[in-house]
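All chains, please: the whole structure from these sequences, using the hints.
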Amino acid sequence: MVELMNKTNKQETANIKTPSQIVGESTKSVERNSVFNTKNFNLWYGDHHALKDINLDIRENEVTAIIGPSGCGKSTYIKALNRMVELVPIVKTNGEINYRGRNILEASYEVEELRTRVGMVFQKPNPFPKSIYDNIAYGPRIHGIKNKKVLDEIVEKSLRGAAIWDEVKDRLNQNAYGLSGGQQQRICIARCLAIEPDVILMDEPTSALDPISTLKVEELVQELKDNYSIIIVTHNMQQAARISDKTAFFLNGEVVEFDHTDKIFSTPKDQRTEDYISGRFG
Amino acid sequence: MKYIDDTVVMKRMKSRLKYNSIWKMIFLIATTLALLTLVILLVRIVTQGSGYLNWDFFNNFGSRFPEKAGIKAALIGSVLLMLIIAPVSMILGVGTAIYLEEYAKKNKFTSFIQMNISNLAGVPSIVFGLLGLTIFVRMLVLGKSLLAAGFTMSLLILPVIIVASQEAIRAVPKEQREASYGMGATKWQTITRVVLPAAIPGILTGSILALSRAVGETAPLVVLGIPVILQFLPDGLLSQFTTLPLQIYDWAKRPQEAFQYVASAGIIVLMILLVIMNSIAIFIRNKFQKRY
Ligand SMILES: Nc1ncnc2c1ncn2[C@@H]1O[C@H](COP(=O)(O)OP(=O)(O)OP(=O)(O)O)[C@@H](O)[C@H]1O
Ligand SMILES: [Mg+2]
Chain A
1 MVELMNKTNK
11 QETANIKTPS
21 QIVGESTKSV
31 ERNSVFNTKN
41 FNLWYGDHHA
51 LKDINLDIRE
61 NEVTAIIGPS
71 GCGKSTYIKA
81 LNRMVELVPI
91 VKTNGEINYR
101 GRNILEASYE
111 VEELRTRVGM
121 VFQKPNPFPK
131 SIYDNIAYGP
141 RIHGIKNKKV
151 LDEIVEKSLR
161 GAAIWDEVKD
171 RLNQNAYGLS
181 GGQQQRICIA
191 RCLAIEPDVI
201 LMDEPTSALD
211 PISTLKVEEL
221 VQELKDNYSI
231 IIVTHNMQQA
241 ARISDKTAFF
251 LNGEVVEFDH
261 TDKIFSTPKD
271 QRTEDYISGR
281 FG
Chain B
1001 MKYIDDTVVM
1011 KRMKSRLKYN
1021 SIWKMIFLIA
1031 TTLALLTLVI
1041 LLVRIVTQGS
1051 GYLNWDFFNN
1061 FGSRFPEKAG
1071 IKAALIGSVL
1081 LMLIIAPVSM
1091 ILGVGTAIYL
1101 EEYAKKNKFT
1111 SFIQMNISNL
1121 AGVPSIVFGL
1131 LGLTIFVRML
1141 VLGKSLLAAG
1151 FTMSLLILPV
1161 IIVASQEAIR
1171 AVPKEQREAS
1181 YGMGATKWQT
1191 ITRVVLPAAI
1201 PGILTGSILA
1211 LSRAVGETAP
1221 LVVLGIPVIL
1231 QFLPDGLLSQ
1241 FTTLPLQIYD
1251 WAKRPQEAFQ
1261 YVASAGIIVL
1271 MILLVIMNSI
1281 AIFIRNKFQK
1291 RY
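Heads up: the protein sequence lines correspond to chains A and B, in order. Residues 1 to 282 in our numbering are what the first sequence lists, from first letter to last. Residues 1001 to 1292 in our numbering are what the second sequence lists, from first letter to last.
One or more hints might be untrue.
In silico EDC-like links for lysine to aspartate or glutamate, alpha-carbon gap of 20 angstroms or less [said to hold, decoys possible]:
no., chain 1, residue 1, chain 2, residue 2
1, A, Lys130, A, Glu86
2, B, Lys1187, A, Glu110
3, B, Lys1187, A, Asp134
4, A, Lys130, B, Glu1178
5, A, Lys92, A, Glu60
6, A, Lys124, A, Glu60
7, A, Lys92, A, Asp134
8, B, Lys1105, A, Glu86
9, A, Lys124, B, Asp1056
10, A, Lys130, A, Glu113
11, A, Lys39, A, Glu254
12, B, Lys1187, B, Glu1102
13, A, Lys52, A, Glu112
14, B, Lys1174, A, Glu204
15, B, Lys1174, A, Glu112
16, A, Lys148, A, Glu112
17, B, Lys1072, B, Asp1056
18, B, Lys1187, A, Glu112
19, A, Lys130, B, Glu1175
20, A, Lys124, B, Glu1175
21, A, Lys124, A, Glu113
22, B, Lys1106, A, Glu156
23, B, Lys1106, A, Asp57
24, A, Lys169, A, Glu153
25, B, Lys1187, A, Asp57
26, A, Lys124, A, Glu110
27, B, Lys1187, A, Asp170
28, A, Lys263, A, Asp134
29, B, Lys1174, A, Asp275
30, B, Lys1106, B, Glu1067
In case anyone wonders, no lab produced these hints; they're calculated from the structure. These numbers come from a predicted model, not from an experiment.
Written out as C-alpha cells, the structure is:
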C-alpha cells in the first residue's frame, strides 16, 4: 500500500523537481540553521490539553509540512508559533518555543515584533475590503513606511513574488474582493511577503481553492523556500509529499513522527504514521 | 419501507395550501392597516398645516396670535441641541463600545456592565429627565440651559448608541482582525485601520437613528423645565432655549382652533427634519457598506 502511494507521488511530481530529492541532497551537505526550536511545549484550551510535550526543530529555507487528522492540533501549533493562539482568552501554555534562539513565550517578547518576522497565511483567503494596492501596502504602512515610491516598489515586488503581478497589475485600485478565491489567496500571500518576513506559516492555504489555483500556490511555495522558511499545514497527503522537505505527523496533540518527507512517506518508523498516510484511519 | 405515503400527502395538500393563503391574508391586512393609519395622519397634518408654512412661519417667534406664531426659536433650538448631543453621545458611546468589544476582558464584571447598558436602553425617558434635573441642572448648576439638556439627551440615547456600535464592531469578521494582527499590527492600528472602517456605516446608522429619537423627545425636557415658548435665540451654551416638539406641544394644547393648524405646520417641519436625518442614515449605510 505504501509502495503504491509512493509510486503515484513520484509520477505526479515527475515534472516538478521532487523536494524529497532535494532533501536527499541537502541532508548530505550542511545542516541548516534552526528557526523554530520547540521544546516540551504544552498548550491547554481551558481544561482541554490540546498540545502535549511537543518537541520539533524546524530548519530555515525548508518547507515543513504538518499533517494529521482533524482536531489533532495542527492549527493550534502553528498559531502558537506567532502567538496568534493567544487571541483565545482561555489558552494556557508552558515549555519553550525558541525562534532564532530566543523564547517567544517570555513575557518580554513583543508579539508585534514576532509577527513582523513570522507572517501567516490563513485557510480562508481573508483580504481586507480595500483595493489590491492597499491590501499589500497594509503591512509596510503599519510599520511606518509612508513614501509612495517605496510603497509602489514593495507592492510590485510582493505581487511578483506571489506570482500574481501579471493578473492584477492593471487593476491595483480595484477592491480585492473582486478577485477569484485563488487570486485572493495569492494576494494574501503577497500581503504576507510585503512585511518581508523570515518565516511564513500557512494553515491549509489551498483547502478553499480549485486544483489549478492549488497548483499555482504549490509552485509558489517551492519558489519561496529559497528565501523563506515555510511551515504548512495540510490535509492533502499528496501535497505534503509534493512540496515539503520535512513532515511532522500530529496525532491527538502529540508529534508522532518528524522526519524527512521521503522517509515519512516511504519508511515511516511508527505504525500510526503508516496507517494514517496509507489512509487506514483519520 | 417508505415513511411518506403519497396518498396521505396529496389528501393534506389542499388544506395546507389553504392555511398558507389565510396567513398571507392576515399579514397583508396588518400591513395595510398600519399604512392606512399613517397615510390618514399624514394627509390630515399636511392639509391642516400647509397653509401656515410660509417664510413668516420660519422667521417669527412664538406669539399669542396664530397668524403671527412662528417656529424660529424652536427650530434653531432643536438644531443647536442636536449639535451638542451628536458629538457628546457619539464620542462616549463609540468609545465605550470599542472598550467593551476590543479591550475589556470577558468576565463577570463586564457582562454585568453589558447587561446594565442593555437595560438602560429600556428605561423610560422621563427617568433620564429626572437624572438630568438632579445632576446637570441642580448639582452642576447648569440651569435650564442648552448644555444641561444636551447632556441629559446624550445620556438618554447613549445606551442605544453603545449597543448599535457594539453590534457593528462585532460584525467585523474575526478573520479580518487576524489578518491585521498576523502582520504585526498593534491593537490600536487594527482598530483604526480595519475594525472602525468596516464598522462605521453601522455605527453611524445607529447613531443617527438614536439622534432622531432625541430630536423628537419631549418628556425629559419638560422635567428639566425647558420653556415651551421663547422670544429670543439662544446666545451661548448656557442660554435658555426651546425645541420643536415642545413648541408643537404648546400650540396643540391651546384652546383656539387656529393653533391646531399652526401645530400641524410645526409637525411638518419636525417630520421633514427627521426624514432628512433618516435619509442620511440610509445613504451612509448604502454608500459605505462593505461586503465580505
Ligand atoms: N478556540 C478554541 N477553544 C477551545 N478548544 C479549541 C479551540 N480551538 C481548537 N480547540 C480544540 O483543540 C484541538 C485542536 O484543534 P485544532 O484547530 O488545532 O485542530 P486541527 O488539527 O487544526 O484540525 P483541522 O484539521 O480540523 O483544522 C481540538 O480538539 C479543538 O476542539
Ligand atoms: Mg486547522
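Worksheet entry | Lys130 of chain A paired with Glu113 of chain A [C-alpha distance capped at 20 angstroms] | 25 angstroms, violated
Worksheet item: Lys1072 of chain B and Asp1056 of chain B: Cα distance at most 20 angstroms?
Response: 9 angstroms, holds
Worksheet entry | 20 angstroms limit on alpha-carbon distance, applied to hinted pair Lys1187 of chain B and Glu1102 of chain B | Roughly 8 angstroms separates the two Cα atoms, so the pair holds.
Fill in: Restraint status (C-alpha distance of Lys124 of chain A to Glu113 of chain A at most 20 angstroms)
With a Cα-Cα distance of about 24 angstroms, the restraint between Lys124 of chain A and Glu113 of chain A is violated, given a limit of 20 angstroms.
Discussion item. Can you confirm whether the C-alpha distance between Lys1106 of chain B and Asp57 of chain A stays at or below 20 angstroms?
Written reply: 36 angstroms, violated
Fill in: Pair hint outcome, Lys130 of chain A versus Glu86 of chain A [Cα-Cα no greater than 20 angstroms]
With Cα atoms ~27 angstroms apart, Lys130 of chain A and Glu86 of chain A exceed 20 angstroms; violated.
Practice prompt. Decide if the proposed pair is consistent with the structure: Lys1174 of chain B and Asp275 of chain A, CA atoms, cutoff 20 angstroms inclusive.
Written response: 36 angstroms, violated
Discussion item. For a C-alpha distance cap of 20 angstroms, please report whether Lys124 of chain A and Glu60 of chain A respect it.
Written reply: Answer violated: Lys124 of chain A to Glu60 of chain A is near 26 angstroms, above 20 angstroms.
Item to complete: Quickly compare the C-alpha distance for Lys1187 of chain B and Glu112 of chain A to 20 angstroms and report which way the hint goes.
Response: Holds: Lys1187 of chain B and Glu112 of chain A sit about 10 angstroms apart, inside 20 angstroms.
Worksheet item: Does Lys263 of chain A pair with Asp134 of chain A here, judged by a C-alpha cut-off of 20 angstroms?
Response: The given pair, whose Cα atoms are some 43 angstroms apart, is violated under the 20 angstroms limit.
Worksheet entry | Given pair status - Asp57 of chain A, Lys1187 of chain B, alpha carbons within 20 angstroms | Distance of about 31 angstroms is beyond 20 angstroms: violated.
Worksheet item: Is it true that the CA of Lys169 of chain A sits at most 20 angstroms from the CA of Glu153 of chain A?
Response: Holds, at about 12 angstroms.
Going down the numbered hints, you'll see the structure goes against 1, 5, 6, 7, 9, 10, 13, 16, 21, 22, 23, 25, 26, 27, 28, 29, 30, while the others check out.
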